[in-house]
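Residue numbers (the numbering used here), protein chains in the order written: chain A, 39 to 237; chain B, 17 to 141.
No lab work stands behind these hints: they were computed from the structure. Do not take every clue at face value.
Using 20 Å as the maximum straight-line C-alpha spacing, the simulated PhoX-like pairs for lysine-lysine come out as follows [stated by the list, open to error]:
1. Lys-87(B) x Lys-204(A)
2. Lys-181(A) x Lys-86(B)
3. Lys-204(A) x Lys-86(B)
4. Lys-204(A) x Lys-85(B)
Residues from chain A that keep clear of chain B, each with C-beta distances beyond 12 Å, as calculated [stated by the list, open to error]:
5. Leu-112
6. Arg-134
7. Ala-164
If you're wondering where the values come from, they're calculated on a predicted model, not measured in any experiment. Glycine is no exception: its CB is placed at the ideal position from the N, C-alpha and C atoms.
Single-letter residue listing:
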Amino acid sequence: MMSGPSSLRSMASCWTSLTQSLKVPTLLKPTLLPTTFTRNFIVAPKREKRRIKIHPPIKGPPKNPLQALTTQALQTLDPNGTRQKMFSRHNKDSIRPGDIVQVRRRNGDPFSGVLLNIRRRGVDSAFLLRDHLTRVGVEMWFKLYSPAIEDIDLVQRKAKRARRAKLYYMRQPKHDFGSVANVVKEYTRRVRPTQRQRK
Amino acid sequence: MLTCIDNSGAALVECAQVLKRKKPAGIGDKIVVVIQKQRSLGHDLSAAAQAAVKVRRGDVCHAVVVRTKKKYRRPDGSYIRFDDNACVLVNKSGDPLGTRLNSVVGEELRRKKWSKILSLAPMNV
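For reference, chain A alone in the conformation it holds in the complex (with noise of 0.2 Å):
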């Protein structure tokens, strides 16, 4: 059917020439050899060894991914862990809901204002100040993580722990903490020269 021995895709071998024929080793003892051993041999084309590479076994997800990506992103955002320590629970010196709370932003005024509410969601965390400016309730929600905040200053503490986390009774006008402009102000001047120094 087909003209050349190579197109024989079935042969396992191709046909070469004699390339050399095989020496008798010379230990043998001579009365074991046959007179006559000239047979050639076909010596197949040298191939270089094939290796399979093995790979490692894959990994698989880590058990919690959630987990894991949050806390590679918190080391992005937070690497000392200020932030986190900060609103954690299980921080006694934390901020908790009702402290007064001052927000320096890279770009804008700072805000401060009763801190009503900390949403914790990982990185997603968030927390709600609530100040009077011109006489108008204006309500803030502030990333915890949120590159775009240079600093969060605890300004006062409230005197008595709030008894609930959402301190939403803090909109009706009979519990509104109105404006806290004259508390910050009086921290600004008693805290901030001093820190300033320290820089």
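Since chain A is already given, all that's left is putting chain B on it; use the hints.
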């Protein structure tokens, strides 16, 4: 119903329509309002103040929303929310009718090209 925070003479206005938007109006959006209540009613108004009153009750006017009670998302992920809804009256070409604003406005006005209102405002957040 929104409060009007300029000195055009309106105190309380009612939104009749939101312009160029199919959703509810946010900060910086233009709306059509009907003036429901006038500021400083009564006969003890001085002549100058009377002249300053540019709108009357029942007038239909354009306005720009400057504060919303609904929280508004900023590009950096923070949210802003005010305790009331407020607006500033403007004429059709976009200039404010009043000459003075009496309370804080949202910073979103800058992005929406309402710098005239921003410059009049005592404060913006």
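message: Hint compliance check: list the failing hint numbers for this structure, sorted ascending.
response: Number 7 only.
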